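Take a look at the letters that make up each chain.
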Amino acid sequence: MELTLKHISYSYNPDAKEPKYAVKDVSFTIREGEFCALIGHTGSGKSTLVQFLNGLMRPTEGLVLFNGENIFEKKYPLKTLRQKVGLVFQYPEHQLFEETVLKDICYGPKNMGLGKEEQIDSARRAMALVGLPESYEEKSPFELSGGEKRRVAIAGVLAMNPECLILDEPTAGLDPAGRDDILGTVRELSDKENIAVVLVSHSMDDVAVYAERLLVMNSGELVYDDTPRNVFRHYKELEKMGLSAPQVTYIAHELKKRGLDIDENVMTIAEAKAEILRIFKK
Amino acid sequence: MIRDITIGQYYDTDSVIHRLDPRVKLAFTLLYIISLFIGHGPVCYAYAAAFLVLVIVLSKVPVRFMVKGLRGMLVILIISALFNVFLVQGEIIFRWWIFSISKEGVRTAVLMVVRLVFLVIGSSLMTLTTTPNDLTDGLERSLRFLKVIRIPVHEIAMMMSIALRFIPILIEEVNKIMKAQIARGADFESGGLVKKAKAMVPLLIPLFVSAFRRASDLALAMEARCYHGGEGRTKLHPLTYQKRDFLAYAVLLLYFGGMIAMAAVLP
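First to last, the protein sequences are chains S and D.
Our numbering puts the first residue of the first sequence at 7, with every later residue one more than the last.
Our numbering puts the first residue of the second sequence at 550, with every later residue one more than the last.
I should point out that these hints are in silico values taken from the structure, not numbers from a laboratory.
It cannot be assumed that every hint is accurate.
What the hints assert, rightly or not - Here are the computed lysine-lysine pairs in the BS3-like style, where the Cα-Cα straight-line distance is at most 30 Å: (1) D:K609 / S:K80; (2) D:K744 / S:K90; (3) S:K80 / S:K30; (4) D:K745 / S:K81.
Predicted model only: the values in this text are computed from it and were never measured.
Work out the full structure, taking the sequences as your base and the hints as a guide.
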């Protein structure tokens, strides 16, 4: 699986003399099994960008290639693409509609044209992947808690067996436990099922723990495309974009300033703990 | 699809008509419609047309906006014209098979179409130049006398403005849910009527759920700010008549009087 954006731009008024760009000249490739995070301030164009990845929106300029094929070619089967590139929108629990959890998760597989048995098989598998117990199958999705509803919605996309999963702010509005739950699940999917993941977020603390690669957007442009460690070195520039490095990175910088011989590029609490213990053991 | 409907749409610009008190514009619409039914014959309609052109020019609303509103009326216009042309009895000028066209028929058909066109343009002028909020304010104020017979005028006006406010929100919501379901392989376009209607279920149920959620959130927010209906409620911008409003009333009455006189004098 390889999903490539080539010089993508999107403007609301492409015919105007000075078009206003929501996304400007963005290029990157998502490869099999990769865990990327797409980061940007509100209005930086990240939600628009992810809709190009499965052909829901058409860029005004540039190409989207899935395994080397242009997805906006006339005869290209967009429905198949949307099955392979699963997109989970913000607040996905608002799309639930069926009487039971199982039926709702079956909606995607049903649209793919699978038989009854296969639908239920893939729905059950998806439920197991997101950690929903079997006893939930016959419950109404509307009587679940917020975090559970979100799991059902994510399972609804996973049931189509995607090779790439895009999640737009999957933790918005959840409590810290729910957030760690969902992100842990997503991490597991990427590790065990070899699904490529694109996580849209604005929380650096989440991203530092989970992502292998960071794509940073600012006013529609892609400014960084690197490992989290390398991106956080630019924490001063990130602040100018309304973003920040993880909190522990700041603490490490401050400790360094006060004369402690600490690696200031630590990103997670676990790393910081190990680093501080190392210094005190010396 | 929804964007094409111009009846009830506001055109944002700054003009004398836009600045008028909404009550004046309500009176204009009402009196203008009545005047169209009082008047008969080409002279009266020329008079009504002149007045309408004057208002359109003053309102600075591009004419194509009014024409767009007429497009939805096209079928009704054609049907009423045809009925009049063929069914009105009188001096026959054309005959073919069982169809016959009379002089009076053509005359009535033309006048009927003109009357309908003026009617639509006249009333769409009000919505084009008045924001929905002003409109409900004006309605609430003008219909306040109905309170005497226990009609909850304020509550109805409040419901109207909330409903209007929610239209764009719900349209956005529809787009969002539609995209989410398309991402799950939904197909809203192909298939026959039954299949299409069935495909709407995954769209409509989440829409209803979200509409109820939003309504209950809004009710809670209003109560938290001590909203308790119209009793004793004051307004941030109470409607007050300016000089130009009285002037507009005078012009309107002059026009209306003129129309009555003309209708009485002319055969």
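Under the criterion that the straight-line Cα-Cα distance not exceed 30 Å, is the pair K609 (chain D), K80 (chain S) satisfied?
violated, 44 Å
Keeping to a limit of 30 Å between CA atoms, is the pair of K80 (chain S) and K30 (chain S) held or broken?
Roughly 24 Å separates the two Cα atoms, so the pair holds.
Under the criterion that the straight-line Cα-Cα distance not exceed 30 Å, is the pair K745 (chain D), K81 (chain S) satisfied?
holds, 23 Å
Between K744 (chain D) and K90 (chain S), does the CA-CA distance stay at or below 30 Å?
holds, 25 Å
Consistency with the previously given hints fails for number 1 only.
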